[in-house]
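Asks: For the sequence shown, numbering that gives the first Met the number 0 gives the first residue as 0, with consecutive numbering after it.
Hints are not guaranteed to be accurate.
Label pairs and their calculated CB-CB ranges [what the hints assert, rightly or not]:
1) 178 x 265: 27 to 37 Å
2) 69 x 95: 23 to 33 Å
3) 6 x 168: 36 to 46 Å
4) 284 x 195: 23 to 33 Å
5) 23 x 195: 27 to 37 Å
6) 246 x 276: 45 to 55 Å
7) 257 x 52: 40 to 50 Å
8) 156 x 26: 47 to 57 Å
9) 2 x 183: 48 to 58 Å
10) 83 x 187: 35 to 45 Å
Derived from the structure by calculation, the hints contain no laboratory data.
Note that CB positions come from ideal geometry on N, CA and C, so glycine has one too.
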Amino acid sequence: MKIKEGYMPFRGYKTYYRIVGEQTPGKAPLLLIHGGPGSSHNYFELLDDYAETGRQLIMYDQVGCGKSSLPEDESVYVKETWAEELIALRKYLHLDQIHMLGQSWGGMLEMLYLTQYDQTGVKSVMIDGSPASIKLWTQEQHRLISYLSYEDREAIAEAERTGNFSGPKYLAANDRYMERYCWDDPDENSPEPLRRETNGKRASLIAEGPNEFTENGTISDYDVTDDLKKIHVPVLVTNGTDDLCTPLIAKSVYDHIPGAKWHLFANSRHLALLDQHDEFISVLDHWLKEND
């Protein structure tokens, strides 16, 4: 499978992109938008084989992550930067007609882009495990925490009270919370792309905050719920039953987008692409073919 890598100039920085496969007539490319803020394209490499169907895949590292520039300037790490980078990437790579798939923060970026910027040439959108409101997200994370052990609940509550997120009891509790609702810490048995560094810890801390339930970074005011009615392209909302993005969060997105569809992965956490790989590919393929 042909793989092309490159860098797009962006505001004096560089944005890394990776293109898998070649364009096929009648099959618009799929642009993949990673989560975080602060993750990277790495886990989307689990989709590489899908390009053998003739669907070109385009993935990239948002500025501040992965192989892209890692600016020192904290003012860069705001949602508007990443939205403008998405606009610039479409223009730079001549992505006039595309499908889009955004996972977690990537889906939030899609919703921001479609409601505040542009929908031209977007044939369909998959919003995978993403909230329309950070307030609802943090509310639901605290509900998920309530299912942890007493010791882990206490350790997390103490960290939130003191603002000290470096204690061993908190770190262990947060690891168990993430393993239950997100994904396992990578080890030698994990797929190779998941073992690679994302280089996005600083971006994550500035934009999101210290964890998934203490959202005090630059995107903490994110709420596009009331604007979702503006979206007029086909949308598929997805999430897992054991996902950080709970069914309530997914439903709040689905309910507000005219004509949206929703698929619930019955045995997945925050990355159905990993937990239910074959079903994820099947759902994605059916959706894209339906909207070509």
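Asks: Does each hint hold? Answer for all of them.
Replies: Here is how each hint holds up against the structure:
Our hint of 27 to 37 Å for residue 178 and residue 265 is violated, since their Cβ atoms are close to 19 Å apart. Here the CB-CB span from residue 69 to residue 95 is close to 30 Å, well matched to the stated 23 to 33 Å. Judged by the Cβ atoms, the range 36 to 46 Å given for residue 6 and residue 168 holds: they are separated by roughly 42 Å. Taking 23 to 33 Å as the suggested C-beta distance range, the pair residue 284 and residue 195 conforms, at roughly 26 Å.
Between residue 23 and residue 195 the Cβ separation comes to about 29 Å, which falls inside the hinted range of 27 to 37 Å. Separated by about 21 Å at the C-beta atoms, residue 246 and residue 276 break the suggested range of 45 to 55 Å. In this structure, residue 257 and residue 52 break the distance hint of 40 to 50 Å, their C-beta atoms being roughly 29 Å apart. Judged by the Cβ atoms, the range 47 to 57 Å given for residue 156 and residue 26 holds: they are separated by roughly 50 Å.
Judged by the Cβ atoms, the range 48 to 58 Å given for residue 2 and residue 183 is violated: they are separated by roughly 27 Å. Under the hint 35 to 45 Å, the C-beta atoms of residue 83 and residue 187, about 39 Å apart, fit the expected range.
Going through the hint list in order, the structure does not satisfy hints 1, 6, 7 and 9.
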